[in-house]
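Using the sequences and the hints, build the whole thing.
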Amino acid sequence: TQLLEQSPQFLSIQEGENLTVYCNSSSVFSSLQWYRQEPGEGPVLLVTVVTGGEVKKLKRLTFQFGDARKDSSLHITAAQPGDTGLYLCAGSGGYQKVTFGTGTKLQVIP
Amino acid sequence: DTEVTQTPKHLVMGMTNKKSLKCEQHMGHRAMYWYKQKAKKPPELMFVYSYEKLSINESVPSRFSPECPNSSLLNLHLHALQPEDSALYLCASSQEGGTGSILGGYEQYFGPGTRLTVT
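Protein chains in written order, with the working numbering: chain R, 3 to 112; chain V, 4 to 122.
It is worth saying that the hints were derived from the structure and are not from the lab. You may find that some hints are simply not true.
[Claimed, not checked] The list that follows gives simulated cross-link-like pairs (lysine to aspartate or glutamate, EDC-like), each with its CA atoms no further than 20 Å apart: (1) Lys43(V) - Asp69(R); (2) Lys39(V) - Glu27(V); (3) Lys99(R) - Glu61(V).
These figures come from a predicted structure and were not determined experimentally.
The following block contains the structure:
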C-alpha cells in the first residue's frame, strides 16, 4: 500500500509570511500532483511534476519533486488570505490509482 | 473547457430512499472516478471507470452502484444508505484510461461535489 504523509497537518500564519508543506512517501511515483481544496468544493489541480528534481513555479507557489520521486514540497512566498485551504498532494504509481496525501490545512490570517 | 459538473449540489435522503448522483465532463477524458470525502480528510477512492468499463471497485458496499452510460457521464445510484454514508461525494476525470503510459496522464479534474446527508 502506497502512503503519502503530509506535514504539517495544520498551519496558521500571518499574511506575508512564507511556508513550506512537505509530502513524503517510501514509494516511488511516476508523477505527483498538488491540489488546493476550499470547504464544500472539489480539489483544484495546481501542478503536476513528473521528473525527479523538477521545480515548477506558479506565481508565489514553488513545487519541487524529489530526486528519487518519493517526496515533494510546496513553498508559498508572502502568503495571502486567498491561499487559505486544504492542500493535497497525490501520487500516481501505476494503473489509474492515485494515492492522496493526508492533507495540510492552511489558514492565512489577514 | 476543464469543467466537471455534478448534480445535485446538496442531497438529503432517508435510509429507505433511492437517489442518484450525476457527473458530466466534456474534456474527452477516458477515465472517471467517484470519491467519498469526510470532513478534514483526503478523498477516498470508491470506483474507477476506464473507457466506460468499471476497472476499480475499492470494496465499496453494494448500496452504492456506479454506472457509466457513455464516455461523458457517470452516475452513482444510492439505495438504503446509512447515516455514516453522509459525506461529500466527488467525481473526477482524467485523460488516461489505460495503463499509465502518458506521463502526468492521471491529472484529475474534480467536480464541485455533492454534499450528501443521510437521515
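Index of numbered hints that the structure contradicts, given in increasing order: 1
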